[in-house]
Amino acid sequence: MYTSLAQIRTDLESGEINLPKLVNNYLETIQEKQHLNAFLEVYEIEAKERAAIIEKKIEAGVAGKLAGMVIGLKDNIVYKGHKVSASSKILAGFESLYSATIVERLLAEDAIIIGRLNCDEFAMGASNENSAFGPVKNALDESRVSGGSSGGAAVSVQAGMCLLSLGSDTGGSIRQPASFCGLYGFKPTYGYVSRYGLIAYASSFDIIGPIAHNIEDLKLVMETIAGSDENDATSVQQAIPSFLQLPKETESKRKFAYIKETLETEGVEPAVKAETEKFLKELISKGHQVDAISFDLLSVMVPVYYTLTTAEASSNLARFAGMHYGFRSQNAVDLESTIKKSRSEGFGPEVKRRIMLGTFVLSSGYYDAYYSKAQKVRRLVKNKTEEIFKNYDFIISPTSPTTAFKIGEKSDNPLAMYLADIFTVHANIAGIPAISIPNGHDTNGLPIGLQIMAPLGKDAALLNLISTL
Amino acid sequence: MNEVNTIDFDKYEAVIGLEVHAQMLTKSKAYCSDPYTYGGEPNTQVSPISLGHPGTLPKHNKAVIENAIKMGIACNCSIASHQYYARKNYFYADLPKGYQITQDKTPICTDGKVSIRMKDGSERHIGITRIHMEEDAGKSMHDQDVYHSLIDLNRAGVPLIEIVSEPDIRAGEEAYQYLSEIRKLVRYLDICDGNMEEGSLRCDANISVRIKGAEAFGTKVEVKNMNSMRNVQRAIDFEIERQITALEKGEKIYQETRNFDAIKGRTLTMRTKEGASDYRYFPEPDLPPLHITETFLESVKMQMPELPAALYEKFTKAIGLSEYDAQVLTENKDIAAYFEGILKHTHNAKAAANWLMVNIKGYLNEQALEINDFALQPAKIAEIISLIDENKISNSAASQRLFPAMLEEHHLSALQLAEKLNLLQESNSDELNKWIADALGKFPEKVEEYKAGKKSLTGLFMGEVMKASKGKADPKAATKLLIEALEKA
Chain Z
1 MYTSLAQIRT
11 DLESGEINLP
21 KLVNNYLETI
31 QEKQHLNAFL
41 EVYEIEAKER
51 AAIIEKKIEA
61 GVAGKLAGMV
71 IGLKDNIVYK
81 GHKVSASSKI
91 LAGFESLYSA
101 TIVERLLAED
111 AIIIGRLNCD
121 EFAMGASNEN
131 SAFGPVKNAL
141 DESRVSGGSS
151 GGAAVSVQAG
161 MCLLSLGSDT
171 GGSIRQPASF
181 CGLYGFKPTY
191 GYVSRYGLIA
201 YASSFDIIGP
211 IAHNIEDLKL
221 VMETIAGSDE
231 NDATSVQQAI
241 PSFLQLPKET
251 ESKRKFAYIK
261 ETLETEGVEP
271 AVKAETEKFL
281 KELISKGHQV
291 DAISFDLLSV
301 MVPVYYTLTT
311 AEASSNLARF
321 AGMHYGFRSQ
331 NAVDLESTIK
341 KSRSEGFGPE
351 VKRRIMLGTF
361 VLSSGYYDAY
371 YSKAQKVRRL
381 VKNKTEEIFK
391 NYDFIISPTS
401 PTTAFKIGEK
411 SDNPLAMYLA
421 DIFTVHANIA
431 GIPAISIPNG
441 HDTNGLPIGL
451 QIMAPLGKDA
461 ALLNLISTL
Chain B
1 MNEVNTIDFD
11 KYEAVIGLEV
21 HAQMLTKSKA
31 YCSDPYTYGG
41 EPNTQVSPIS
51 LGHPGTLPKH
61 NKAVIENAIK
71 MGIACNCSIA
81 SHQYYARKNY
91 FYADLPKGYQ
101 ITQDKTPICT
111 DGKVSIRMKD
121 GSERHIGITR
131 IHMEEDAGKS
141 MHDQDVYHSL
151 IDLNRAGVPL
161 IEIVSEPDIR
171 AGEEAYQYLS
181 EIRKLVRYLD
191 ICDGNMEEGS
201 LRCDANISVR
211 IKGAEAFGTK
221 VEVKNMNSMR
231 NVQRAIDFEI
241 ERQITALEKG
251 EKIYQETRNF
261 DAIKGRTLTM
271 RTKEGASDYR
281 YFPEPDLPPL
291 HITETFLESV
301 KMQMPELPAA
311 LYEKFTKAIG
321 LSEYDAQVLT
331 ENKDIAAYFE
341 GILKHTHNAK
351 AAANWLMVNI
361 KGYLNEQALE
371 INDFALQPAK
381 IAEIISLIDE
391 NKISNSAASQ
401 RLFPAMLEEH
411 HLSALQLAEK
421 LNLLQESNSD
431 ELNKWIADAL
441 GKFPEKVEEY
451 KAGKKSLTGL
461 FMGEVMKASK
471 GKADPKAATK
481 LLIEALEKA
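So the sequences go chain by chain: Z and B.
Positions 1 to 469 (my numbering) are the ones given, in order, by the first sequence.
Positions 1 to 489 (my numbering) are the ones given, in order, by the second sequence.
Don't read these hints as lab results, they were simulated from the structure.
Yeah, the Cβ is synthetic: ideal placement off N, Cα and C, and Gly gets one too.
Treat the hints with care, as some may be off.
[To be verified] Rough simulated footprint, nothing fancy, chain Z against chain B, three-plus residues with beta-carbon under 8 Å:
id	stretch
1	56-64
2	97-105
3	259-272
[Stated by the list, open to error] Pulled from the structure, derived: some chain Z residues nowhere near chain B, Cβ distances all over 12 Å:
id	residue
4	ASN18
5	LYS65
6	LEU298
Whenever a hint applies, use it, and build me the whole structure from the sequences.
What follows is the structure in structure tokens.
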């Protein structure tokens, strides 16, 4: 199993393998591991055709910088002429008329898109159990969840069904499944990757990012997809630093902060705490500065996140009404019943829960108490985070309080499930970049993830740090 | 009818505020680059963005922002330097996203006023609460198919500005004048075609009545679907009468939305307050907040034409036209510009105004043309005026013969054409005296009668002179010489 583009490139050059054969291998693996439920659709013919074309380009020496990279797309990123469903029944039969900006950019550099990947419905979940198409199984222990919401994106890479995948992260949906599957998952600075063509969950939180086996592949893909996009008014306006150039900084000793409360919070598994502490000690032994700091807003992070994301979601998901595309209820008789029945029958329970929560917090009479207040606290979190970064280069925490839990273990307890996001939502609330990297295993051999957050716009610096650690 | 006759309507005062939606004449839609023209084949002027497809995002349209600012300046508003867009959430078949992008708490323009002139010449000021930018919805058609409602999404996403007045309007006629002023302004600014029949200018009215002198407002009723300025006036007048009559009967006014039926001339209940929606406004997260810099504001001001109020001021004060003439000439930007064009070549403003308002407008109306389609350059009209002023041609010959001829032969100057048509007047005394002598010689007995005191006989002699000169005698000069000759005879 290939775990880096560099390996693939070496074998392509030596003639050990060619692109059509590589794609066939992936297709075979997908077939073999179908029961993991990672893929919702495989673009077999198309992937083979593109492999043949790009193989010729490689021979002619004109191939793009992602030639040889076979990737999967989370089922909330649109691709022209292909079905997309956000793992929801409500988009049944819908095919996109256009491609997401990142899809265009990946294809332009000769990546091969091999299929679309299962996820929690509309990216709402932390276990992939909210998919209309069933949970994704963790390849390391099939009784356990993949994490979510980009569960298919993590497991497809974990199980060698593609080299890299693109997911989306609204509150940890890239980092947490990457952590559960022993992979690298990167959530860029808000606006650094265009959201055009990403089916919106919560617009001011959503971002697209990659999941891979190693940091160099993440950099290469970020170099391809990141940057300004005229189709996304919230995308970064100025040019951003290259991910491929080595940093010029001479200072090799860094200042790390870790939030005390993240290791003391109830529910952090002992192994997770121990491995995180071990990592911190190693940093100290390498001469870096590591300080414990206090962050008194940690307890309000999850409430703020769910207040604001559900508010935005209640509006973003209003377009799915059985009217112009996708699923329409057979029981509808007029305008009102078309909307009500299509939505009632088309959305799953978690999506409905969040739409109702969001509708409530935006209602007149409750707006100030919930939405406005949460916006103010979001501002506070941003300010406090900036304060920390005045003194520190990076903030460290576990990615998740636990390792991959059992399928069904938390699915009846939404609050417990929401707390799985406790460490990851911070980066989305503040808009800052954050990565989850593999950091040891628990006693069951399940991977533990470590999260490192960096200041706004320090995406390349963060990825470079991982390369040098 | 008897009841109505016994009601003292003057005891009451109406309180009316108007909400005017003006569709922008921008090349593309509000938040994407789809083009839009009225009357296109249904669902052809759309894209994934205006169809609200999953994953699409809106983007700013700079022209809409400029237009809104122009209208704000024209209405003497303050322009907000910091503002954000908001989503107004509601479900409807012709609203693809399930929300409308609009502005809520931070409209681009606030606190303005518009001056209107009533028929009796009095002036009134109507306050402008706010002007904000938003997008239009598509159109639902309920009468095209027996079993289905059909949806046309061409209009979805077309940019609008909404102009909200203060409740300063007191009668249907004021509403009419206010709306005329708003239409005049959007047309001057070239930001909306102002066509109420096609719906590019739409008006909703909030109407209540109260006893004169009362401070509290009465219960307000919203009236919609008035698709002409005249209907706005009719609907308001009907509604005021309906509300007063109801109150006099001891009935209650309910807060509701009413439709105007133009055929029956009355308003009818459309929906009551109970059905009102909670729109759950919140800041639009897909568009960053907007900052209007001084530089941008200045650049927009530079693009603005002279406004009707300023032109009216200039025409009445500096040029000395009557208020009526100034009013008529500033009704339309192109007419005003043509008028100023004539004034570049002549100082006779009154004549320029008359030529434009009578001869040219008459011709345009007859031919159903706009001033921009008019073939004659303003300089040519000034040439005609000069010929008249120099007594080279009579007013009637100019209107009846020279002007129509010039419409046919644009390449000749007015003087050349007058010569060609033999319309130039004779003011040479020798020529004139010859014709006068002939006339006097023809009727010696009339000369005697004149001398005996029958002064009205000058008309007879002038007639003869004109006949002999084939109409070319300059009437002024000829009259003077004729009287001299008669006195001497």
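Examine the stretch 56-64 of chain B: at least three residues should have C-beta closer than 8 Å to a C-beta of chain Z.
Three-residue rule met by the stretch 56-64 of chain B, so holds; n is 5.
Cβ contact check, 8 Å cutoff: the stretch 259-272 of chain B against chain Z, three residues minimum
violated (count 0)
Check the non-interface label on LEU298 (chain Z): least C-beta distance to chain B beyond 12 Å or not.
Answer for LEU298 (chain Z): holds, closest chain B Cβ roughly 24 Å.
12 Å Cβ clearance of ASN18 (chain Z) from chain B:
Given a closest Cβ separation of 34 Å, the condition holds.
Are all C-beta atoms of chain B more than 12 Å from that of LYS65 (chain Z)?
Given that every Cβ of chain B is farther than 12 Å from that of LYS65 (chain Z), nearest at about 25 Å, it holds.
Coverage assertion for the stretch 97-105 of chain B with respect to chain Z, Cβ distance below 8 Å, three residues required
As far as the stretch 97-105 of chain B goes, the hint holds, because 3 residues have Cβ atoms under 8 Å from chain Z.
Figure legend: structure checked against the earlier numbered hints; the only hint not met is number 3.
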